[in-house]
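Undergrad: Sequence:
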Amino acid sequence: MRMYNIKKLTAVALTLIIFLLTNCSFRDRNNVFDPQSNIDTLSLKFYFTSTDSIITLNWHRVRNIDFFGYRLYRKIEGEEQFQSIAELKPEQTSYQDRAEHFDIMHYYYLVLIGASRESPPTHILKTIPGPGKIWLLDRWSEDIYQFSYDLQHKFKTHYAIWIPQEMAFDKKRGLALITYPLYHYAELLNLQTGALIEEVTDIRYPYACAYEPVQKSFWITDSTGALYKYSPLKNEAPVLLNNQLQKPAQIVFDFSSRAYVLDKRQNTIFVYTLTGNKEKSIRNFADQPFKNLIFLDRNPNGTQIYFIDKNGDECNLFRYSTLTDSIEQIYKSPFLSIIRESPVDRTLWIAENEKQTAKIMQLSYAGIRLKTLTGFKYIQDFNINYYNGNLIIADRDAHKLLHIRPDGSLVGVYSDAPYPYKVYIE
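Using my numbering, read the sequence shown as starting at 1 and increasing by one per residue.
Note that these hints are calculated values from the structure, not bench results.
Where is the CB? At the ideal position from N, CA and C, for every residue including glycine.
Among the hints, erroneous ones may be present.
[Said to hold, decoys possible] With a straight-line cut-off of 20 angstroms between C-alpha atoms, the simulated DMTMM-like cross-links for lysine to aspartate or glutamate are:
#1 K247 to E279
#2 K400 to E352
#3 K332 to E354
#4 K229 to E279
#5 K377 to E354
#6 K247 to D202
[Stated by the list, open to error] For each label pair, taking beta carbons as the anchor points, the in silico distance ranges come out as:
#7 H123 to S409: 22 to 28 angstroms
#8 L233 to D287: 42 to 48 angstroms
#9 G69 to I161: 58 to 64 angstroms
#10 W140 to D287: 41 to 47 angstroms
#11 F68 to L182: 55 to 61 angstroms
#12 F68 to S94: 55 to 61 angstroms
Just need the whole structure built from these sequences, with the hints factored in.
TA: Below is the structure:
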């Protein structure tokens, strides 16, 4: 009797198993369109490649899933919910959105469109769009980076051949020149792709560089005492313009394409014509020779040249007019290290580095103190955005790159810069 019951139970169990196998299907737990799949985020590489006036979004092509296309959602800071802004074909892997507003956060996510429903969303991308492309030279990692406006996205990384010194841009042709004095080398890059175009190996210690737009050439100093003109894309060696310098450390051009070269050993600013002839020397103020010239820059339209002379414990800020050939002293401080003129309102921004602390101050055009921004450790460099007057600051000892508005509010920060050295805005 017991054996009969066991056989009967076994038969029932087998019948039940066969029924389940033939009448039920297993649920595909990897189906992104199944609401019970427990998939809450679409695994898809989704990223920005530009975030200025045009915000470019890219993603990898989806394979092995049947779907009808993509739907892109966007939300702008201040809006309550995401809105669909585009429906895209399955083969599409990028989309360009026009920034609705600068300096406020934009959010995006992407979904797949199925037969009856959407897939879960990708992770949310966010960015603050704005004008200008931000570049950083880092001397410790020996890399050159291009960042988004809010510094949250790294668009390009160029692995430098050695410790980089300086960078200059030919914006119209999309070219950049980078100097490496310790490697006796300079390189010309394509700004769009980052590809190497030409190598410059004919200058012993290529140091400072600047772009001259009239002749479409880069001027390069050799820190051992020479000045060269390099015309890219012509398969020509750099042309020696002058070899009577001693330690040419910086170079800028004025509005008429005259070159101003700061020679740190001679404590003189030499002025050259477009053809390379030395026109004049700026070596004193009120019959007092400069003692230790440490910094040189020009204003955005090239009508003023700014420079700093360190005399004992005092650093004196001077302004030279390229229109009237006159010099005026406008400010002095023991800790002055950098000066930039804002293209927006012509106010002056200066950096002062003390022991373990630093600050940036805004001065009127006449040199009257207007505003002070604090909280920095050592300001290695800063630059001003030509389009809106924002400041991009390389804080060397904090290992940070910061983007700050003139009112002191923060746009973004990059906190992983071992030795942020030079900042540029393309």
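Undergrad: Evaluate each hint against the coordinates.
TA: Here is what the structure says about each hint:
The hinted pair formed by K247 and E279 meets the criterion: a straight-line CA distance of about 19 angstroms does not exceed 20 angstroms. Of the pairs offered as hints, the one joining K400 and E352 holds, with about 17 angstroms between alpha carbons and a cut-off of 20 angstroms not exceeded. Our distance criterion of 20 angstroms between C-alpha atoms is met by K332 and E354, whose separation comes to about 14 angstroms. Under the criterion of a C-alpha separation no larger than 20 angstroms, the hint pairing K229 with E279 is consistent with the structure, at around 17 angstroms.
Note on K377 and E354: the hinted pairing holds, with a Cα-Cα distance of about 8 angstroms set against a maximum of 20 angstroms. A threshold of 20 angstroms between alpha carbons decides the hint, and for K247 with D202 the separation of about 18 angstroms falls inside it, so the pair holds. Distance hint check: the CB atoms of H123 and S409 are about 27 angstroms apart, consistent with the given range 22 to 28 angstroms. Evaluation of the 42 to 48 angstroms hint for L233 and D287 yields a pass: the beta carbon distance comes to about 47 angstroms.
Look at G69 against I161: about 44 angstroms separates their beta carbons, and that is not inside 58 to 64 angstroms. Between W140 and D287 the beta carbons are some 44 angstroms apart, a value that agrees with the proposed interval 41 to 47 angstroms. As the Cβ distance of F68 to L182 is approximately 57 angstroms, the hint placing it in 55 to 61 angstroms holds. Between F68 and S94 the CB atoms are about 18 angstroms apart, so this pair departs from the stated range of 55 to 61 angstroms.
Consistency note: the structure conflicts with the earlier hints numbered 9 and 12.
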